[in-house]
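Protein chains in written order, with numbering that gives the first Met the number 0: chain A, 0 to 504; chain B, 0 to 488.
For the record, the hints were derived by calculation from the structure and aren't laboratory data.
The model shown is predicted, which means the values in this text are computed figures rather than measured ones.
Incorrect hints may have been included.
Stated by the list, open to error - Chain B regions said to be covered by chain A (calculated; three or more residues, Cβ under 8 Å):
| no. | region |
| --- | --- |
| 1 | 383-396 |
| 2 | 400-408 |
| 3 | 415-428 |
To be verified - Under the rule of at most 25 Å between Cα atoms (straight-line distance), these lysine-lysine pairs were calculated in the DSS-like manner:
| no. | chain 1 | residue 1 | chain 2 | residue 2 |
| --- | --- | --- | --- | --- |
| 4 | A | Lys384 | A | Lys454 |
| 5 | A | Lys490 | A | Lys502 |
| 6 | A | Lys120 | B | Lys435 |
| 7 | B | Lys157 | B | Lys360 |
| 8 | A | Lys168 | B | Lys435 |
| 9 | A | Lys34 | A | Lys168 |
| 10 | B | Lys435 | A | Lys182 |
| 11 | B | Lys360 | B | Lys435 |
| 12 | A | Lys182 | A | Lys168 |
Glycine included, each C-beta is placed from N, C-alpha and C at the ideal position.
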Amino acid sequence: MEFLDSHILFMIVVLPLLGAMTLIVVPSVRVKLIKQIVLALSSVVMLCCLYVFVFYFAESDGFRFSNSWNWLELPGSWAMGELGISLSFGVDGMAVMMILLTGIVMFTGAIISCNISTWNKDFFILYLLLLSGVFGVFATLDLFFFFFFYELSVVPMYLLIGVWGSSSKFKTFSRTKEYGAMKLTLYLVAGSVLIWIGLIAIFVEADLGTFDIQALSQADYSSDFQRIFFPVLVVGFGILAGMWPFHTWSPDGHVAAPTSVSMVHAGVLMKLGAFGIIRVAMYILPEGAEFWMPVVVVLGTVNVLYGAISAMGQHDLKYVIGYSSVSHMGYVLMGIATLHPLGITGAVLQMFSHGVMTALLFAAVGTIYASTHTRDINTLNGLAKRMSKASKFFVLAGLASLGLPGLSGFVAELLVFLGLFHTYPILGALGIVGATITAVYILRLIGRVFFGPIKDPLRIESDASPSEILSSGILALGILVVGVFPFPFIKIINSSTEEILSKFI
Amino acid sequence: MDSNIILLLPEALVAGLAFLVLTLDLFLPNARKNILPWLSFWGLLGVLAFVLYFHWSVDQSVYEGLAQIDSYSLIFKVFALAFGMLVMVMSSDYVRRNLEHPGEYYGILLFAILASMLMVSASELLTAYIAIELLSFSMYVLVAYDRYNPKSNEAGVKYILLGAFSSAILLYGISQIYGNLGTTHYTDIHSVLSSSTYMEPGVFLGIVLVIAGLGFKIAAVPFHMWAPDVYEGAPLPITAYLSIGSKVVAFALVFRIFTEAFLPAIEEWQLLLIILSVLTMLVGNFVALVQSNLKRLLAYASIGQSGYLIMGLVALGGADSEMGFVHSSLVLNGVLLHLFAYSLASAAVFLCVSSIYNITKRDDVGSMAGIARRSPLVGIVLTASFFSLTGLPIFIGFTSKFYLFSAVASQGFLWLSGLAIFASLISLYYYLMVIKQLYMVAPVDESRIAVPRSASVSLIVLLVVMTVLGVYPSIVMDVIQRASQSLLS
Chain A
0 MEFLDSHILF MIVVLPLLGA MTLIVVPSVR VKLIKQIVLA LSSVVMLCCL YVFVFYFAES
60 DGFRFSNSWN WLELPGSWAM GELGISLSFG VDGMAVMMIL LTGIVMFTGA IISCNISTWN
120 KDFFILYLLL LSGVFGVFAT LDLFFFFFFY ELSVVPMYLL IGVWGSSSKF KTFSRTKEYG
180 AMKLTLYLVA GSVLIWIGLI AIFVEADLGT FDIQALSQAD YSSDFQRIFF PVLVVGFGIL
240 AGMWPFHTWS PDGHVAAPTS VSMVHAGVLM KLGAFGIIRV AMYILPEGAE FWMPVVVVLG
300 TVNVLYGAIS AMGQHDLKYV IGYSSVSHMG YVLMGIATLH PLGITGAVLQ MFSHGVMTAL
360 LFAAVGTIYA STHTRDINTL NGLAKRMSKA SKFFVLAGLA SLGLPGLSGF VAELLVFLGL
420 FHTYPILGAL GIVGATITAV YILRLIGRVF FGPIKDPLRI ESDASPSEIL SSGILALGIL
480 VVGVFPFPFI KIINSSTEEI LSKFI
Chain B
0 MDSNIILLLP EALVAGLAFL VLTLDLFLPN ARKNILPWLS FWGLLGVLAF VLYFHWSVDQ
60 SVYEGLAQID SYSLIFKVFA LAFGMLVMVM SSDYVRRNLE HPGEYYGILL FAILASMLMV
120 SASELLTAYI AIELLSFSMY VLVAYDRYNP KSNEAGVKYI LLGAFSSAIL LYGISQIYGN
180 LGTTHYTDIH SVLSSSTYME PGVFLGIVLV IAGLGFKIAA VPFHMWAPDV YEGAPLPITA
240 YLSIGSKVVA FALVFRIFTE AFLPAIEEWQ LLLIILSVLT MLVGNFVALV QSNLKRLLAY
300 ASIGQSGYLI MGLVALGGAD SEMGFVHSSL VLNGVLLHLF AYSLASAAVF LCVSSIYNIT
360 KRDDVGSMAG IARRSPLVGI VLTASFFSLT GLPIFIGFTS KFYLFSAVAS QGFLWLSGLA
420 IFASLISLYY YLMVIKQLYM VAPVDESRIA VPRSASVSLI VLLVVMTVLG VYPSIVMDVI
480 QRASQSLLS
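Pulled out of the complex, with its shape left as it was, chain A reads as follows:
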């Protein structure tokens, strides 16, 4: 047990990496074997994630499952000796939730990606690399590796979208997948340029000779330094979190991506940004956070309203979800920016809830598109009767996204609003207005696409396949469990919220 506890995070991060390397030597014609390897691997990783979740719940207390290996020494006369960079892992409550989310989305995404018809091997190699990076960011406690894994999760996106994605063609508007891929990559790497500069600045200013996050968070930084570099980091991470006005890559990228990549990207990758803001920017530079958070909360409000209003005007089902993601990430930013325990707990829960919900939405749209070959809201109609299974999942996720009580979105948004009313009541009210707009566009969409009268003949090939039902079912279960029984999740997140906020008094 002790060995397992201290190596489980390492396993979660390294297993996908090893899987990718194994796939390289498997001949690409053996498609079935490749799929079996990936499915087996993702189920093992998901079980590991569940293990982490369950045993963290049993004893929620600070950073657990920690372990550390020396990786590179940095010569010189440093305050902490030649400690340098170490590969260190450890999770707190917030990270546990994110790891659980990633495990679920990875497994369900892997099931769905079995539908891919070309270059399966290359797809899965990149997919596993991407997920190894995502797990790494959530699990590591070293700033160098944080950035290492962060970049690792950004890199494969270009090929995943550009090669396997789909272009949008409408009468008034068309976007190629290459455009979406290039835009996404350049935006995200521009963000990591800022993060990189911020990290090096922190390293130099602390002058400890180590990249250990906990050690760096103990160091003294002048308030000028914190005020200059906090926004650098927040904008860098904010680009990935879809923060207005740097969100424009997100709808374009998500629409162009293949289904499972949209699921991972909107479901998990955008959370890396928000996670980075909490783990790096707030944790290491609290004074800067206190100074800049009013700005962040305003930007978050703009996100909520702007995303919701843009979603109202879309004709493409995927663009609706893309803009609704921007809107929902706004709640995350608002919650974080409250610097209030309720708000931050709500934000992290919203990250989880939005991840599961968006993944489910994209999975359902993938099924609908595969069967009807269109995503145009004006063409689709009466799907509830004609594709009853896929429709049920879409409607469930849609209702969670507008915050129906009993589903995950409600709990998370409620906590965020409670936090906001303690700190910024006016913006909290605006946030509720955003939730109302969300209700408008989701209900209108559901009415038009799923429940209206059956109009023109729409060629429908099939409903959701058993494997799609399995993966959507897992995600739907996530939404229901968090919605009905949120307390274990809140308890886990709370333990880390306190630790973070203890720096703000």
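Chain B: place on chain A using the hints.
Showing chain B alone in chain A's frame:
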């Protein structure tokens, strides 16, 4: 002291190998001349083993300080030999298909490798100058070797004219330094410079001229004008040699001169090099954006890379209020690691490009269309190398850039590091444009590209080394640390 000459045995062996190749060329029938690259390959491997075995822990000077055989020169000699072997692999196919008179080609290439080995151990300005000239003359000939191709001829003429001009500047700089200080030995220059607070204008002029002359050799902006034309015109393996082999050893020489000789006067030349490094980073990466010829694109990309290394020169050391003068082994480590990362990834790129060129006879960016389908191995290796050059994980380029930029920032040049990170972002764009061709554009011709076995093996080895060192760089860090210690002590 008298037994020291034996330390130059590896150089003598390489020279012997060159003469052997030239002599054999006279007697071999044309059809069998393709054994020459393999003879050179195994010969170089033998010398490599010899160097590693006998010179592993040597730290001595030869001929009363003309050359220094230490860990620093060791790693660069190993590099020169190993890279020479790779160029032999690359050339064996290329020369057979595209060039005439293979004998002289390989002979002259071996002389270039010999010159590289001398350059990295030179510890006296005239020895350094002679080594540089030997390398340059070999390159003048090889650049123009494709003699029925007007571009190759143009490149040769341009290179020799500008090369001779820059050598003259370098020599004038050396004579200024000798005239003012009365010595050309690095260590003597170091002690003279550190003992006096006032610097003669003549010495300063000398240093500036040396920087200009060497700036030409490492293609630093504004002395880079020759590079794109010469890279485009030269035969591909020679372009690879110019862009990697001669550039890395030139940097090795530059870093030895600046640490062992000019370091005490850092405040005098620092500003000059800051300007040089900013210009090199920005001009190289921005101009690469608009290139449609792949060789020119790689030329500008490699100019951009020089900018990061010059940045390392800027941050080599500085006056510290408490401890007097300190130099940073962190920066030197970063530079050496980055040189290594750069040469690995670039070598893989050139090997891929020349494999493609051998079949398609084209070297524009459009010729890369659909290559990932026509040869998956080349597609993967090219993509991985481009990611490594940009500085993305899990490849060594990420680690080396992170290390170098952090080290430079820790010497108080955070803004310069920030600029370099920004320049890396620009480089990502033009690399992605090539990757887009590889994977997302349909090929004109669906036929498979047959990569010779030797080249495939080299590609796989390069890819594995790039990845393994990206994940676990400590394997080479010990050797690098030893090398920078031997230079700084």
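Going through the hints against the structure:
1. 383-396: holds (count 4)
2. 400-408: Three-residue rule met by the region 400-408 of chain B, so holds; n is 5.
3. 415-428: Answer holds; 8 residues pass the 8 Å Cβ test.
4. Lys384/A to Lys454/A: holds (12 Å)
5. Lys490/A to Lys502/A: holds (20 Å)
6. Lys120/A to Lys435/B: holds (19 Å)
7. Lys157/B to Lys360/B: Roughly 24 Å between the alpha carbons, so the hint for Lys157/B and Lys360/B holds.
8. Lys168/A to Lys435/B: With Cα atoms ~21 Å apart, Lys168/A and Lys435/B stay inside 25 Å; holds.
9. Lys34/A to Lys168/A: At roughly 31 Å apart (the allowed maximum being 25 Å), Lys168/A and Lys34/A break the hint.
10. Lys435/B to Lys182/A: holds (13 Å)
11. Lys360/B to Lys435/B: holds (20 Å)
12. Lys182/A to Lys168/A: holds (18 Å)
Violated hint for the displayed structure: number 9, the only one.
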